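Asker: Number 116 in numbering that gives the first Met the number 0 belongs to position 117 of the sequence shown; there are no gaps in the numbering.
Quick caveat, the hints were computed from the structure, so don't treat them as lab data.
Please read these numbers as outputs of a predicted model, since none were measured by experiment.
Note that the Cβ used here is the ideal one computed from N, Cα and C, for glycine as well.
Where hints are given, some of them may not hold.
Stated by the list, open to error - Restraint-style ranges between C-beta atoms, simulated for each label pair:
(1) F40 <-> I7: 17 to 25 Å
(2) N44 <-> S3: 21 to 29 Å
(3) K43 <-> D88: 39 to 47 Å
(4) Y95 <-> A24: 22 to 30 Å
(5) V82 <-> E46: 33 to 41 Å
(6) D16 <-> S39: 24 to 32 Å
(7) N49 <-> D25: 39 to 47 Å
What the hints assert, rightly or not - Here are the computed lysine-lysine pairs in the PhoX-like style, where the Cα-Cα straight-line distance is at most 20 Å:
(8) K66 <-> K15
(9) K15 <-> K71
(10) K93 <-> K15
(11) K6 <-> K89
(12) K71 <-> K83
(13) K15 <-> K70
(14) K73 <-> K15
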Amino acid sequence: MAFSLNKIMLIGNLGKDSETRFTTADNFSVTNFTLATTYSFKNKNGEWTNETTWHNVVAFNLSDFMKENLKKGKKVYVEGRLVKRDYTDKDNVKRYVTEVRAERIIPLDSNADSVKEADIDAASTQEPEISESTEADDLPF
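With these hints in hand, go ahead and build the complete structure from the sequences.
Answerer: See below:
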């Protein structure tokens with residue numbers, strides 16, 4: 000048996016309000032949002048440069064508190080695993096998506112009344128099959 004590790008931890012800001020849909024078969028809630036992380040470095044001229052990376056994040060069966068508080072600009076910590084999948088869009092074109100399947104989300108804004116954590120128990124929550132009906136039509140890049 001081969002062992003491996005697929006773990007991703009991000010701290011960043013939401014690019015837009017989260018969107019929640021429900022699967023038709025099992026009525027799972029699927030929450031999608033984009034998260035921006037910024038890497039700062041000095042370029043060859045010695046000037047600081049910022050490089051922003053956008054991450055597509057998917058979380059299953061989040062609490063209402065989390066769904067209502069995942070708003071544009073909010074800073075959050077996301078922990079999960081990286082997943083690559085493909086689907087065929089409405090024009091019959093095969094698309095490939097890399098996304099973070101969130102297992103833990105923690106709001107980091109200091110103005111939050113109380114910091115709550117969304118811990119998603121991966122062992123007890125089955126991930127539904129994602130079809131093109133749960134796809135985001137537009138990507139931020």
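Asker: Taking the numbered hints from earlier one at a time, note which ones the structure violates and give those numbers from smallest to largest.
Answerer: 2, 10, 11, 12
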